[in-house]
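K.L.:
If you want the building blocks of each chain, they are given just below.
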Amino acid sequence: MSPVVKTVNLVKIYQDGAVPVPAVRGVDLQVEPGEFVAIMGPSGSGKSTLVHMLGGLDARTSGEIWLDGKRVDTLSESAWALLRRKKIGFVFQFFNLVANMTVGDNVELPALLAGASPKVARERRESLLAALNLTDRADAAPAQLSGGEQQRVALARALANEPSLLLADEPTGNLDSRNTRDVLRLLSEVHKQGQTIVMVTHDARVASLADRLVSLFDGEIVDDGRIARRRTRTAGEVIDLR
Amino acid sequence: MRPHLLALLAKEPAHGYELKQALEQTFGSAYPSPNIGQIYVTLGRLEKDGLVRAVDVEQSNRPNKKVYYLTAKGRESLEAWVDEPTEGPRVRDEFFMKLVLAPLTGIADRMALISRQRRHYLSLMSDLNDLLSSTAPTDRVAMLLIEGAMLHLQADLDWLERCQEDLA
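So the protein lines, in turn, are chains A and B. Residue 434 is where the first sequence starts when you use my numbering, and the numbers rise one by one after that. Residue 368 is where the second sequence starts when you use my numbering, and the numbers rise one by one after that.
Keep in mind the hints are simulated off the structure, nothing from the lab. Heads up, some of the hints might be wrong.
Unchecked claim - Straight-line alpha carbon distances no greater than 25 Å define the calculated SDA-like cross-link-like pairs of lysine to any residue that follow: (1) Lys-465(B) / Gly-658(A); (2) Lys-465(B) / Arg-659(A); (3) Lys-415(B) / His-382(B); (4) Lys-465(B) / Asp-651(A); (5) Lys-625(A) / His-487(B); (6) Lys-415(B) / Leu-375(B); (7) Lys-625(A) / Asp-651(A); (8) Lys-439(A) / Arg-486(B); (9) Lys-625(A) / Thr-502(B); (10) Lys-465(B) / Val-655(A); (11) Lys-465(B) / Pro-475(A); (12) Lys-439(A) / Gln-463(A); (13) Lys-625(A) / Leu-499(B); (14) Lys-625(A) / Ser-501(B); (15) Lys-465(B) / Ile-654(A); (16) Lys-465(B) / His-635(A); (17) Lys-439(A) / Ala-563(A); (18) Lys-625(A) / Lys-387(B); (19) Lys-625(A) / Arg-486(B); (20) Lys-625(A) / Pro-504(B); (21) Lys-415(B) / Lys-440(B); (22) Lys-439(A) / Asp-651(A); (23) Lys-465(B) / Ala-661(A); (24) Lys-625(A) / Asn-612(A); (25) Lys-625(A) / Tyr-488(B); (26) Lys-625(A) / Leu-375(B); (27) Lys-625(A) / Ser-490(B); (28) Lys-387(B) / Ala-447(B); (29) Lys-519(A) / Thr-507(A); (30) Lys-625(A) / Met-517(B); (31) Lys-625(A) / Asn-496(B); (32) Lys-465(B) / Asp-656(A); (33) Lys-432(B) / Glu-414(B).
What the hints assert, rightly or not - Quick partial rundown of chain A residues pointing at chain B, CB under 8 Å, derived from the structure: (34) Met-473; (35) Ala-640; (36) Leu-646; (37) Phe-650; (38) Asp-656.
The model shown is predicted, which means the values in this text are computed figures rather than measured ones. From the three backbone atoms N, C-alpha and C, an ideal C-beta is built for every residue, glycine too.
Could you build the full structure based on these sequences and the hints that come with them?
P.N.:
Following this line, the structure appears as structure tokens:
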């Protein structure tokens, strides 16, 4: 099976007046189907830029991007838009829901845009809303929901087209701990069902759900490795009360 | 552990094993099960210092058991413990010492140390996640204890990032 994501010497240089500002400097990254990769690093290390480029929201300066075995960095903007509808789900720190559509329609729309039949799109909407305990909020407007509920809707929307790749940029950056827990639970469930996830986060709880950690510094990968699980530890080895 | 045992004894006299059970019940699943030997050693010291006293209680078919109770001096000591402000956590971080000193040795570079430590913290966090999900939500004390450990770990991770920005 080909990797879901592959980048080859990926570079992004922003132009600040006459000064070139390198944000991503030669990233080679490969993500296999079903992998959950967390991306961490100080602010300004290029994390968001990288993830935006993977979703075609930001154009690369040089290098290659491959999705599901197809080269995509050479696509036109409209071809990217089509590809995104079919293959990519996005969650951001701010939910970006469509304000004048109901919660349910916000979730259903991406499935329709991806080419699902109305019947399938409706089924998908209902199962996602149920999984996120949002069924009784389906007819509400996004503004009537709390921040945590809106983020759950955003996650449902991102998953509605059954994307090959879920991209997330600080999905819990704006949530309190209880809402973080809900988002955490769903991410962990969809990951178990085989969803491929690439996620930028500062939140150690969210990052610790990932299989693999990629650390960026100054636009380069400085570490790429698995997060060890022990599972045999008892409470006393984790928490120390004196 | 001294003041903890005094606090339990302020409620009612108890023998060593009852104190162990009381600690486990109060702090729930997140509490590292206290060592019974350590409890007896601590009780012995408290008795020597006059903070608790023991009476032998006869048991049929079994050796006598020692039931401990709080003395007036013990109560004073407990009150002093409750009233005094509790020290905040002090930064006494072995990793930070490594990070600062290692480059002098030429053995490891800071970037590699930081990267390895970051993954180690996430692996600890993953243990805490498991612990949290196996803890009943009704066990408030245990839940708060785990959340506290998570917040400390998040702070350690944020600090690691600051070290990376400034030192690496």
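K.L.:
Does each hint hold? Answer for all of them.
P.N.:
Verification of the hints:
| no. | hint | result |
| --- | --- | --- |
| 1 | Lys-465(B) / Gly-658(A) | holds, 21 Å |
| 2 | Lys-465(B) / Arg-659(A) | holds, 23 Å |
| 3 | Lys-415(B) / His-382(B) | holds, 16 Å |
| 4 | Lys-465(B) / Asp-651(A) | holds, 23 Å |
| 5 | Lys-625(A) / His-487(B) | holds, 22 Å |
| 6 | Lys-415(B) / Leu-375(B) | holds, 18 Å |
| 7 | Lys-625(A) / Asp-651(A) | violated, 32 Å |
| 8 | Lys-439(A) / Arg-486(B) | holds, 23 Å |
| 9 | Lys-625(A) / Thr-502(B) | holds, 21 Å |
| 10 | Lys-465(B) / Val-655(A) | holds, 19 Å |
| 11 | Lys-465(B) / Pro-475(A) | holds, 21 Å |
| 12 | Lys-439(A) / Gln-463(A) | holds, 4 Å |
| 13 | Lys-625(A) / Leu-499(B) | holds, 18 Å |
| 14 | Lys-625(A) / Ser-501(B) | holds, 18 Å |
| 15 | Lys-465(B) / Ile-654(A) | holds, 23 Å |
| 16 | Lys-465(B) / His-635(A) | holds, 24 Å |
| 17 | Lys-439(A) / Ala-563(A) | violated, 34 Å |
| 18 | Lys-625(A) / Lys-387(B) | violated, 39 Å |
| 19 | Lys-625(A) / Arg-486(B) | holds, 21 Å |
| 20 | Lys-625(A) / Pro-504(B) | holds, 23 Å |
| 21 | Lys-415(B) / Lys-440(B) | holds, 12 Å |
| 22 | Lys-439(A) / Asp-651(A) | holds, 20 Å |
| 23 | Lys-465(B) / Ala-661(A) | holds, 22 Å |
| 24 | Lys-625(A) / Asn-612(A) | holds, 20 Å |
| 25 | Lys-625(A) / Tyr-488(B) | holds, 22 Å |
| 26 | Lys-625(A) / Leu-375(B) | violated, 44 Å |
| 27 | Lys-625(A) / Ser-490(B) | holds, 18 Å |
| 28 | Lys-387(B) / Ala-447(B) | holds, 23 Å |
| 29 | Lys-519(A) / Thr-507(A) | holds, 18 Å |
| 30 | Lys-625(A) / Met-517(B) | holds, 23 Å |
| 31 | Lys-625(A) / Asn-496(B) | holds, 16 Å |
| 32 | Lys-465(B) / Asp-656(A) | holds, 19 Å |
| 33 | Lys-432(B) / Glu-414(B) | holds, 15 Å |
| 34 | Met-473 | holds, 7 Å |
| 35 | Ala-640 | holds, 6 Å |
| 36 | Leu-646 | holds, 6 Å |
| 37 | Phe-650 | holds, 7 Å |
| 38 | Asp-656 | holds, 3 Å |
Hint compliance for this structure: hints 7, 17, 18 and 26 are broken, all remaining hints hold.
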